[in-house]
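Line by line, the protein sequences are chains G and H. For the first sequence, the tail end lands on 449 under this note's numbering, and the numbers increase by one without skipping. For the second sequence, the tail end lands on 449 under this note's numbering, and the numbers increase by one without skipping.
Any given hint might turn out to be false.
Put simply, identical chains are the same to the list, so a pair is met inside one copy or across any two.
[What the hints assert, rightly or not] In silico EDC-like pairs for lysine to aspartate or glutamate, Cα to Cα no more than 20 Å straight-line:
id, residue 1, residue 2
1, 36, 399
2, 257, 150
3, 223, 323
4, 187, 294
Hints in this document: simulated from the structure, not taken from any laboratory.
2 protein chains.
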Amino acid sequence: MAIKKIISKPELHSSENLKIKGWVTNIRGNLNIKFVEINDGSSIVNLQCVLKKDKIDFEKISNLSLGSAIEVSGVFKYTPERQQSGELIVDKIDILSLSDVNEFPIQNKETTVEFLRQIPHIRHRTKLFRAVMRLRSALFFEINSFFENEGFLNFSAPILTSNDGEGAGETFLVDDEKGGFFNKKTTLGVTGQLHAESYALGFGKVYTFAPTFRAEKSNTKKHAAEFWMVEPEVAFFNLQDIIGLGDKMLKFVIKNVLEKNKDEFDFLEKYLGIKIRQRLLEFYKSPVKQIDYKDAIELLLKHKDQFEVQDLYFGADLKTEHERFLAENIFNAPVAVINYPKSLKAFYMHQNDDGKSVAAFDLLVPGIGELIGGSQREVRYEKLLERIQELNMSQEDLQWYLDLRKFGNAGSSGFGLGFERLVMYITGIDNIRDVIPFPRTNKNILM
Amino acid sequence: MAIKKIISKPELHSSENLKIKGWVTNIRGNLNIKFVEINDGSSIVNLQCVLKKDKIDFEKISNLSLGSAIEVSGVFKYTPERQQSGELIVDKIDILSLSDVNEFPIQNKETTVEFLRQIPHIRHRTKLFRAVMRLRSALFFEINSFFENEGFLNFSAPILTSNDGEGAGETFLVDDEKGGFFNKKTTLGVTGQLHAESYALGFGKVYTFAPTFRAEKSNTKKHAAEFWMVEPEVAFFNLQDIIGLGDKMLKFVIKNVLEKNKDEFDFLEKYLGIKIRQRLLEFYKSPVKQIDYKDAIELLLKHKDQFEVQDLYFGADLKTEHERFLAENIFNAPVAVINYPKSLKAFYMHQNDDGKSVAAFDLLVPGIGELIGGSQREVRYEKLLERIQELNMSQEDLQWYLDLRKFGNAGSSGFGLGFERLVMYITGIDNIRDVIPFPRTNKNILM
Chain G
3 MAIKKIISKP ELHSSENLKI KGWVTNIRGN LNIKFVEIND GSSIVNLQCV
53 LKKDKIDFEK ISNLSLGSAI EVSGVFKYTP ERQQSGELIV DKIDILSLSD
103 VNEFPIQNKE TTVEFLRQIP HIRHRTKLFR AVMRLRSALF FEINSFFENE
153 GFLNFSAPIL TSNDGEGAGE TFLVDDEKGG FFNKKTTLGV TGQLHAESYA
203 LGFGKVYTFA PTFRAEKSNT KKHAAEFWMV EPEVAFFNLQ DIIGLGDKML
253 KFVIKNVLEK NKDEFDFLEK YLGIKIRQRL LEFYKSPVKQ IDYKDAIELL
303 LKHKDQFEVQ DLYFGADLKT EHERFLAENI FNAPVAVINY PKSLKAFYMH
353 QNDDGKSVAA FDLLVPGIGE LIGGSQREVR YEKLLERIQE LNMSQEDLQW
403 YLDLRKFGNA GSSGFGLGFE RLVMYITGID NIRDVIPFPR TNKNILM
Chain H
3 MAIKKIISKP ELHSSENLKI KGWVTNIRGN LNIKFVEIND GSSIVNLQCV
53 LKKDKIDFEK ISNLSLGSAI EVSGVFKYTP ERQQSGELIV DKIDILSLSD
103 VNEFPIQNKE TTVEFLRQIP HIRHRTKLFR AVMRLRSALF FEINSFFENE
153 GFLNFSAPIL TSNDGEGAGE TFLVDDEKGG FFNKKTTLGV TGQLHAESYA
203 LGFGKVYTFA PTFRAEKSNT KKHAAEFWMV EPEVAFFNLQ DIIGLGDKML
253 KFVIKNVLEK NKDEFDFLEK YLGIKIRQRL LEFYKSPVKQ IDYKDAIELL
303 LKHKDQFEVQ DLYFGADLKT EHERFLAENI FNAPVAVINY PKSLKAFYMH
353 QNDDGKSVAA FDLLVPGIGE LIGGSQREVR YEKLLERIQE LNMSQEDLQW
403 YLDLRKFGNA GSSGFGLGFE RLVMYITGID NIRDVIPFPR TNKNILM
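If we strip away everything but chain G, and leave its shape as in the complex, we get:
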């Protein structure tokens, strides 16, 4: 039986005979009694197994080490009066596979996250990474649930593509020769959006949830060369509608992970010393706020002494310090900055009547900065073509995308959510390398 099942309703399993396979996470005791904690991966909470000398041959388990796989059977004793709500009084223990005590790197002493980053194939056997990866998985399920409930079509955008969706991204080249596998310049896609737009035109509501690649050399805590993105695209939606969808999605997943993952949040709050749940609850309770980019610049200028980058003007790219200042100090809440200068944004965004801004938004959250970026798409063929030409992009490559404007396109809007940024926001972990199992960054690929 899964440990999660037992410890989530221990009263139901009182006096029950149980058999469990798991890995040893702690051993203590003396010559007469031993306490062996095990974890089977179903929960971050361990089950304490009590081994008494009269029933168990201590000789047989003298070499039991942390990380070893064992099978235990015995009677579950419900102990509501104690901190752990029950323990297994073991009748029988089998060592299924020992862990090499000299080589197993997870011992009962403090290890740094930097050290653990060098062993991504093992670090999830610490409580910290068990909690993070459990929450990551929970978020994966909740995001899919949200879109399924809302009637979205899940759609696979291609990863290998001959288009460069953002028009500016640094992409990984997979094929660039005549005579190569594809006989055409082929890169790893930086977004599924262009393709998603084609599917929204006909299916109405679609989304992708897939890996994305950027050959960005930034070695920051927020950047990785490979990460997952959630990209919904909805026909007939304008900027306000899509901001509303992002807000609704985040509130749905926040509510559900808070309800279903108490143990993980208990642990992370204690470990990190931050009130993650309070921050998430505040998000959940507040309507999303909005501010025009140009007003945000004005506000930030009033506090420019606080920033490293003080050169702020219409057209200036907001840095993480500015984004966080807006979310943390000015609004003390998530805030959508809208109507960015068109020079800062991709070619496909709806051009506003002012001639200089586009109907884009970035949703900024405390602790992270940008979590979601999205826009209403430019549906006017001539306007879009003009922008493609202005930016010296290839009309030929994008003709199929331009053509979507000819076939009953009454507009669509969408956004991209960097999944790892969401995991960071939800877990309170501040480095992207620690929220993805095997992180890939510049000059750094292990395994």
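Given chain G's structure and the hints, the job is docking chain H onto it.
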């Protein structure tokens, strides 16, 4: 309101005032009455809108064309006596965006799938591709539901990798130079399995669901350069356990898509002229059958006259014709072929005591051949190392994987399900190019 909601329970919407946005799929009628069918992407079923001359200015809609986006409002009339169970008596129609009647390629005449493959950004606006992509999406949700219900951790294996998981795969090279982005030979992964094994060791039950890449030059109906794979990996599972999991998963998704997607199956059965549901129900009702590879060879030899490739012996690779013959003619059901010669399979599979076979299985299904391939993993360090050396693979690259055997590894098993093959099996579509939105094959990358 979504058309799916209306047509799934039309009696609930009788006489209701509705407003719907969608795309025109059919127009007929005369000077006094017009019937305009619309689809909003929520269902493959269209809604018939009735426009009468006394209420609607026919002049205003004289240029209405197939594919145009419109908004209609009116009263829903429930008509249980007729083939379509209701229609909208339109009060008001707005043309939101016209479709160019000369350029829109989906007209009310037959088009071939070959023609439609040239326009992957538009072909989903036919009923055929709407049905296929709706089922693909439904399968995506059901697979995730299955693993969530079973307590699996969803896990992101890296795509960019310095390992070649299968040891033989033709991989896409992303970086091969010192001084390149990763400063190391880097390819697009062919499997997430090695990494998934590391996560199963600790989390117990994990799975990945992600794109996979093969630079295979085979131009068959079954091969694509980019496709999605589902790969569960379960600690403590042996070969029989993992076959059981595959069978359970397939039965779960089959049952649910059959229940929830009646309209799509109605259409596909009629369109393709095959009894898809009967085949799926038979799968659902039968326990999975098994045959040892060596016995399968014996059986096939008895019918060798029927095959193109007749050279069958212990060590011969089963071709699709053999696989289908086993599933269709011999068992008339899905069958797991087990214990393949080790020369045919990847290095990481459990070596059987006979010294020549491995604890692998391929699940063969009628109409497709191999749907799932999996194995029990070799947990013995020395045996695994021996095989890596025999195959001249790099021990250095795989040391981390070998090391997993040192840290309480009591064995694990897993399988890979080619998602597109499942979509083919479920929809009855016989070409992989038609079950993935933007197919990528050798020399062929559109958009």
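Evaluation of the provided hints:
Taking CA atoms no more than 20 Å apart as the test, residue 36 paired with residue 399 passes in neither setting, with 69 Å inside one copy and 40 Å between copies. In this assembly of identical chains, residue 257 and residue 150 lie within 20 Å of each other by CA distance both inside one copy and across copies; the values are 17 Å within and 18 Å between. With identical chains, the CA atoms of residue 223 and residue 323 are at most 20 Å apart within one copy only, with a shortest distance of 13 Å there and 52 Å across copies. With identical chains, the CA atoms of residue 187 and residue 294 are never at most 20 Å apart, being 39 Å at best within one copy and 46 Å at best between copies.
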